[in-house]
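Participant: Spelled out, the chains give:
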Amino acid sequence: MRLLVVEDERDLAETLRRTLEEEAFAVDLADDGEEGLFKIRELPYDAVILDLMLPRLDGWSVLQAARAGGVRTPVLLLTARDAIEERVRGLNLGADDYLVKPFALAELVARVRAMIRRAYGNPATRVQIGEITIDTAARQAWRAGAPVELTAREFAILELLTRSRGSVVARSAIHEHIYNEQADILSNVVDVHIAALRRKLGPDVIRTRRGEGYIIDA
Amino acid sequence: MLSSLRARLLLWYTLILAGVIAIFAGTVSYLFWSSLVADVDEGLRASAAALVEGLQPTASGDFDLVLPPEYRQVDAAPPSQTYYAVWNREGELVDRSGVDFAIPPPRGPLTRTRDGRRELAVRAAGDAIVLVGRDLADVRSDVLAFAGTAAAGGVLALALSLVGGWFLVGRALAPIGRISQAAAAMSGGDLTARIAVERTENELEQVALALNAAFDRLHLALDNERRFTADASHELRTPLATLSAEIEWGLSRERSSEEYRRCLETARRAADRMRRVVERLLTLARADSAALSLQRAAVGLAPVVGDALAIVRPLADQKHVTIETHLDAATVVGDRDRLTDLVTNLCSNAIQYNRNGGQVSVEVWPDGTEACLRVRDTGTGIAPDDLPRVFDRFYRADRARSADSGGAGLGLAIAKWIVEAHGGRIACQSTAGQGTEVLVRLPRLV
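Chains as they are written, first to last, in my numbering: chain A, 1 to 218; chain B, 1001 to 1446.
It is possible that some hints are incorrect.
[Said to hold, decoys possible] Some, not all, of what chain B presents toward chain A, calculated at C-beta under 10 Å:
| hint | residue |
| --- | --- |
| 1 | Leu1015 |
| 2 | Leu1017 |
| 3 | Ala1230 |
| 4 | Thr1238 |
| 5 | Ser1244 |
| 6 | Trp1249 |
| 7 | Ser1257 |
| 8 | Glu1258 |
| 9 | Glu1259 |
| 10 | Arg1261 |
| 11 | Ala1302 |
| 12 | Arg1313 |
It should be emphasised that the hints constitute simulated quantities derived from the structure, not laboratory data. Ideal Cβ positions, reconstructed from N, Cα and C, are used throughout, including at glycine.
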């Protein structure tokens, strides 16, 4: 799952990036509102963490412009002010959630995950695919009740395919969702991860649509 | 309270009006009575004259009395019938009408009202005294009827004016109702509540206008207070968020010593920023409570600028900003440390909000009784809309400035306080895209 963090406080942005990467998200950063808006519009993020007080373009304007431009990515607002009107204004402009600084990292991660689950239309954390069980909150998969050891990237790909269950996900889309903008990775890494997933979960869970991408059947 | 005010006004109004009507009706009734009695007197005088004419003294000292016709039928006389009595010189009763009440003899000519009767006595030939009298019952009942009508009219007028008064007082007091409604809404927390003012010039509308103006100022003051609190909370929460997130990250699992070092460095930066904000807030709070005292000594501005530049030089080098100075001798009376803070604040602003490779110029010169200090930069400038507010606490024309400066928008507020505490003035001019100039004028020690 790929996230954008728009935060002008560099130390905080850096801490968020490290934390979220350890939670197996691919994370991009933006320093100001304009850069944030550009990235939100151009890149397929699974969620955006947006500070309200930003240089050049404030968080509300970014949100408004993004929603006006048809961007449906879930947005979590961060605010250092506790005025209720500011949060209400943010939510009314199309934000999905908010947190008041200072916040607990664990809560931020849980809220981002919940937001992504809702955005994909299935708020449950546990999904069953044949004999495979996936728990997106615990980041754990089981095959016929036995735990399967997956790397963070493998789990991210499995999660993405599970969320898009029944539709084909292009190889480039998978790439965009599990690597951030700094990644410069050979294009066959996705195939390598898919092969590893098939080895661990069984050959029939993820199917290849030649020339299109991968799919987990509904 | 309102209804009682209305009731009290009406009560007083009614009492006064009732008094006026009573006096008026009483006076008119009395005048009516007097005029009726004057008519009666006129009649009595005519009767007396007729009697006197008919009274002939005889040689024996007696009288012959020829009665006018109206006295001849003795029976069935109406109460308004005139009666008479005649006394001779010795005061002996000569003749009288057949009435059944005593008539005390008068000592001379007179007009009197006795036992509800009007009596007139005149002197006739031979020093006889002739008295005519008449019962006033009909006059009394006429006057009573008149007074009754007047009283009824008065009561009606009073009732009408009560209704009118109730309405008028209500109208006059209506603004008080609106005022108290607005004041209640205001104290209930609705700061936008204002009194609806009708464009009349009456006193209550003036009160309403004055109150509205007071409400406006209160609203503004509360807004400023609220914004100050929100800004203070923002400036403290932001580094606190960094600090707590960083600590949570560091503790979430075992880290390498390199990671711990980075973690602690981030925490220190956040703590430093909080410390700076808190220090500046405390400076302003102490300035507000006048708990901060200034040293008073002769201070040369040029050495103060030198001290300040030594502090901001590393910041200037970092941004490749060159600093030019033109320092003439100018001495003021004040606190050297505070003045150094002032120049440091102005210069670090000029550097931070400058473009990379820009210039800052600092000038000091004496101008009459004042010492002038000017700091100019070649930065992005400040929009005209923002200029009046640059000295407000936490005000930052561009949020872009918040990221690295750590000043929290308090620098210019503190600068303004220092200048004013020294009895000086500070002003800011700016041309967007060309730069900003801050001019400080302090009283000069000549």
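Participant: For every hint, state whether the structure bears it out.
Facilitator: How the hints compare with the structure:
no., hint, in the structure
1, Leu1015, "violated (56 Å)"
2, Leu1017, "violated (56 Å)"
3, Ala1230, "holds (5 Å)"
4, Thr1238, "holds (5 Å)"
5, Ser1244, "holds (4 Å)"
6, Trp1249, "holds (5 Å)"
7, Ser1257, "violated (16 Å)"
8, Glu1258, "violated (13 Å)"
9, Glu1259, "holds (9 Å)"
10, Arg1261, "violated (14 Å)"
11, Ala1302, "violated (36 Å)"
12, Arg1313, "violated (24 Å)"
The structure does not agree with the numbered hints 1, 2, 7, 8, 10, 11 and 12 stated previously, though it agrees with the rest.
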